[in-house]
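Engineer: Sequence:
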Amino acid sequence: MRLPRRPRLLLPVAIALVAIVAFFFLFAGIYTDYLWFDSVRYTSVFSGVMLTQIVLFLVGALLMVGIAGGNMLLAFRMRPMFGPAMFGGGSGADRYRMALDPHRKLIFIVGMAVLALFAGSSVAGQWKTWLQFSNGVKAGKTDPMFGLDVSFFMFDYPFIRMALNFLFTAIIISIVLAAITHYLYGGFRLQSPGVHASRAARTHLSVLLGVFVLLKAVAYWVDRYGLVFSDRGKVFGASYTDLNAVLPAKTILAIIALICAAMLFAGVFRPGGMLPGVSFGLLVLSAVLIGSVYPALVEQFQVKPNQQAKEKESISRNIQATRDAFKVDDKNISVKQYGATTSATEQVLQQEASAIPGLRLLDPTILSPTFQQLQQIKGYYQFPEQLDIDRYKAPDGKIRDTIVSVRDIGLPPEAERNWINSRLVYTHGFGFVAAPGNQVGSGGLPVFNAKDIPPVGDLIGPKFEPRVYFGENSPEYSIVGGPKPGPGQGVELDYPDDQQGGSGQKNNTYAGNGGVPIGNFFTKLLYAAKYGETNLLLSSDVNDFSRILYERKPLERVGKVAPFLTLDKDPYPAIVNNRIVWIVDGYTTSDSYPYSQRKSLGDLTTDVQTSRLVAGQPVPAPTDVINYMRNSVKATVDAYDGTVTLYAWDDADPVLKTWQNTFGTIIKPKAEIPTELRDHLRYPADMFKAQREILTQYHVTDPGAFFGGQDFWKVPEDPATKKSKQPPYYVTMKMPEGTERFSLTTTFVPNGRQNMAAFMAVDATADPSQAKLEILQLPSNTAVQGPPQAQNTFLSNPTVSERLNLLRGTGGATEVIYGNLLTLPFGGGLLYVEPVYVQPKEESAGRFPSLRKVLVLFGDKVGFGDTLDAALKEVFGVAPPTQTGEKPTETKPNTNTTALTKAITAVESAYQEGQTALKASPPDWVKYGEAQKKLETALKELQALGATQPQPTPSATPTASTPPSTPPPSTPPPSPTATATSG
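The sequence shown begins at 131 in this note's numbering and counts up by one.
Calculated from the structure, these hints are not laboratory results.
There could be a bad hint or two in this list.
As the list claims (entries may be wrong) - FRET-style restraints, in silico, Cβ to Cβ:
1. Lys902 with Thr472: 25 to 35 Å
2. Gly838 with Ala896: 52 to 62 Å
3. Lys523 with Ser926: 39 to 49 Å
4. Asp460 with Pro866: 37 to 47 Å
5. Phe410 with Ser251: 31 to 41 Å
6. Thr472 with Glu1060: 52 to 62 Å
7. Gly882 with Ile385: 49 to 59 Å
8. Asp163 with Gly942: 51 to 61 Å
9. Glu932 with Ala896: 56 to 66 Å
10. Thr381 with Gly411: 19 to 29 Å
11. Pro693 with Tyr161: 17 to 27 Å
Every value quoted in this text rests on a predicted model; they were computed, and no experiment measured them.
Glycine residues also receive a C-beta, built at the ideal position from the N, C-alpha and C atoms.
Use the sequences and the hints to build the structure in full.
Structural biologist: Take a look at the structure:
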C-alpha cells in the first residue's frame, strides 16, 4: 500500500527543516565566535585555528575514506566472476549478501561519511601537534642519548607518532572492510578443511598485511626515540635496560619486520599460505623473545641486583633534564648553607631593624569578609574569597606590600532578579580597594589607601576609571550602551547617589569599545540563538547603540585568544595609567622534554589556597601532565573595555618562539611593556609552586643520594588549617647579605620530620633572565623549628594560651583565626611572624575578622603582643630601634584603651540586644527600638574616642507592621585593641 503523496513528502521536509535549524545554530556559534575575536582584534587566532582544523579535518577524512573506502571498492571489483559457485555451493554469507546488496551504495556512502567524520574530527583535534611540528624552532640543547636537539622530541616526535597511529588505524580498518567484502562476494570461504580464497583476495589481503607490517617496522624504529620517555626504571627516561636491551631489540625488530613485510609482498607472486604464515610466526616470535623476554631477563638478573650502580647514568640524565625543564638548574638557583642561629639577643634585633617597618601583617586569605563589610557599600557588590597582594608607592615614596581587590558585581537583590536587571542593569562592578599590608587602624581594621564610591585614596588619580565590566565575577553576558553614550544616559546601575540621601542611584551608559555591537536584527537573532533568549529580540532596551559583553572573566578572555597557554589560577588587578587591568601569567608547557620527570600540574600547584582560587573560575589547561614549564607570557585584560594584550616575558623559550612563528605578532615583545605595568608584574605563584615541588627531590644532584632518597624534602602542611600544603607568600623581605625586595617565599621540611630543612625565596620583581631561586639550606641536625612545630610552640605556650582564651571571650563568643605564618631570614636565624585575627563566633551577615595580636618566634622564644614591636620586645627584650638609629625604647601603653574598651563593649551589648529582639517570634520592636537608642549613644561615644566605625547596612528586613525606627546594623562593632602596625 503506497502512502499518499503529501505524507510521503513530510519526512524529507522534516529532515530538511531539522538540518536547516541545526546548521543555523552551528553557524550562530561559529559566527558569534568570529565577532568576539574581531571585537578583541585577535581574528588571526580565530582564522588560524579554524583554517588549520578545517584542513586537518579534510585531510584526515579524505585519507581515511581514500584508504579504507578505496580498499573496500577494490575488494568489490576483485570479486569472483562466478561468485560463490567457484568454491562449490553457497554459505551463510549468501544470505547477508542478498540482504545488503540492494542497498550497498547507500550503506557505503553512510559508512564512509561516518568514518570520515570520526577520522576528520580526531585529526582536527590534533591541531596543536601539527602547528608545533610545522613551526617548531630549535631549542639549542641536545639529548644525551641520540644527540638530537630536544625540539625533535617536543615538536616532531609527537606528530610522527600521531601520523603512524592514523595510518595503523586506516590499514586495520581497510583489512577488516576488505575481508568482509571478499567474504560477502565469494572471494574466500571458511570451509573445511582450511580457508579457500581466490587469487585476487589473497593478493589483496597479502598486500594490506604487508603494508601493516611495513608500518610496524617504521614504528619499531621510531619507538627507539620514544625510549627517552620510558618509565621502566627508577626515574623517567631511558633506563639501563632500555639502553642496553630495549634499544638494540627495537633495531633488530625493525629489521625483522622489514623482512616479514617483504615475505608478505612475495606472497602476491607465490600462491599458498606458507610465506604469510612464516612471516607472521617470525614477527610474533621475535616480538615476544626479543622485545619482551630479553629486556625482562636483563632487568631481573642484571639491573635489580645492582640497580643503584646500573641506573646511575639514567638518574644523572633525569636530574639534569628535570632541572633544565623546570628552570631549577645551576644557572637559575643559588644554594647557600645557613647555620641559622637560635639565640635571640638585642644585637640580632638591631641588625635587622630596617626590615621590620615594611613587614606585611595583613593576610589576603583572611580579609575578604572584612573588605566585604567595610567596602561593599551595596549588597549587589562583592569581593572574591581570596584577595591579592601587589605593591604600590606610599606618599613617603616607599614601596609597600598592598592587599588589593576590585568591587565586583554580584547578583541583583533576590526580589529583583529578572532578565532586565540581570542583563541590562547590574552589568559592572565599581572601584578598586586597597590597603597597605603593614598597617592597621583602630579595632585592627585595614587602613585603606583606595576605597569608597566614588573612589578616593592615595592610589586614585583624577582621571581614574573605576568601572569593572570585565572581572572575575562578571555575569555570563550583559547588554550595555544607550542612545547617548556617556554617564547618566543609560539604565546600567553605577553606584548609590548619596545626594539623594542614599535612596537613589546613578546610572551609566557604557562608552567603551568592548563587546560586540548588537544593534541590527540579524546579530540579535544570532545571539538569541546562542543564549536561547528571545528577550534579546523583543526588548526595546536593546537598541542601535547596544553592545553585548561576554567571555568576560580574565582567564576566559586570555585562554580564548591564546589557547596554546596554560594560565595561572590567580589573576590579580592593578591600577595602570588610571585604569584597572587584570594581570594574568601564561605558561608554555610540554610533556615531551626528553628525560625530564613527568608530573601532574594539578599536583604540583595544589595547596591550601587552591580551592579559593579556582572556585567558579575557568582555568584553561592544554594538559595536566607536564615535564617542561616556562612563564613565557604576561597578559593583561582591561577591566573597562576588555582589551587583551599579550607580552613575551621569557623570550628565550623555544615553545613560545614556535607559537610566535605560528600566530605572527599577537604576542608583543617584552620591550613594549609599559613601565607602569612592569612595576606590578611579579613572579607567578603557580610557577614557583611547581619549582618548589620539583626541588623537594631535585635539589639532590648526586645520583647515589637521589636513589636512596634520604635527603628529600617536602612542603610542610599549612599550620593554621592542616588541610593541605602551606602556600608560598608574597612579602617584602631581604635575604642574608641582600637588599630588601618584594619576594615570593616558601619553606621545606625533611621527608618524615617537621624541623626546618631549607628556606627558598625569589625576587618577585626581577626579569626572568635575572630571577634566581635562592635557597638557604640548614644543617640536617638543626634545632630550628619547621612551620608546623612553630605553630605548635605558639599554641602550647602557657602565656599565649591564656591570652588567646581572653580573646575568645566569655563562653567562647569570639573565634580566633590564625593568619599566614611568615618565615623570614633574620639576624642569622629564622623569624616566624603570625598575625592573629578575631571575629564573632555567631554566624551573621556582619561577621568579619579584625587583626588583634601578633605572634613572633625566634629560636624557642615566643612573643605575643598587640603590635609587632611589642611581640618582638617580648622575644628580644627591647623594642625595635627606629630608622634614625636611636636606641630601642619601651612602647608606651595607649592611655585611651580603657575608655575605648568600655565604649566598644557598650556597642556590642546594644547590638546583641537588638539582634535578640529581632529573633523573637514575633519580633519585639519596643526592645529593638530601645537597643537602637543605646547603640546610637555608644557609637557616638566610640566616634568621640577616634575609633573607625564602618557604615552599617541592614542585615534583616522587618516584616511586622511596625518597623523599627533605625535599621539593625549588619556589622558587629570591633573589640578594643591597640593600633597594630609593623613599625
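Engineer: For every hint, state whether the structure bears it out.
Structural biologist: Evaluated hints:
no. : hint                            : verdict
1   : Lys902 with Thr472: 25 to 35 Å  : holds (28 Å)
2   : Gly838 with Ala896: 52 to 62 Å  : violated (35 Å)
3   : Lys523 with Ser926: 39 to 49 Å  : holds (42 Å)
4   : Asp460 with Pro866: 37 to 47 Å  : violated (20 Å)
5   : Phe410 with Ser251: 31 to 41 Å  : holds (33 Å)
6   : Thr472 with Glu1060: 52 to 62 Å : holds (58 Å)
7   : Gly882 with Ile385: 49 to 59 Å  : holds (50 Å)
8   : Asp163 with Gly942: 51 to 61 Å  : holds (55 Å)
9   : Glu932 with Ala896: 56 to 66 Å  : violated (45 Å)
10  : Thr381 with Gly411: 19 to 29 Å  : holds (21 Å)
11  : Pro693 with Tyr161: 17 to 27 Å  : holds (19 Å)
Of the numbered hints listed earlier, those contradicted by the structure are 2, 4, 9.
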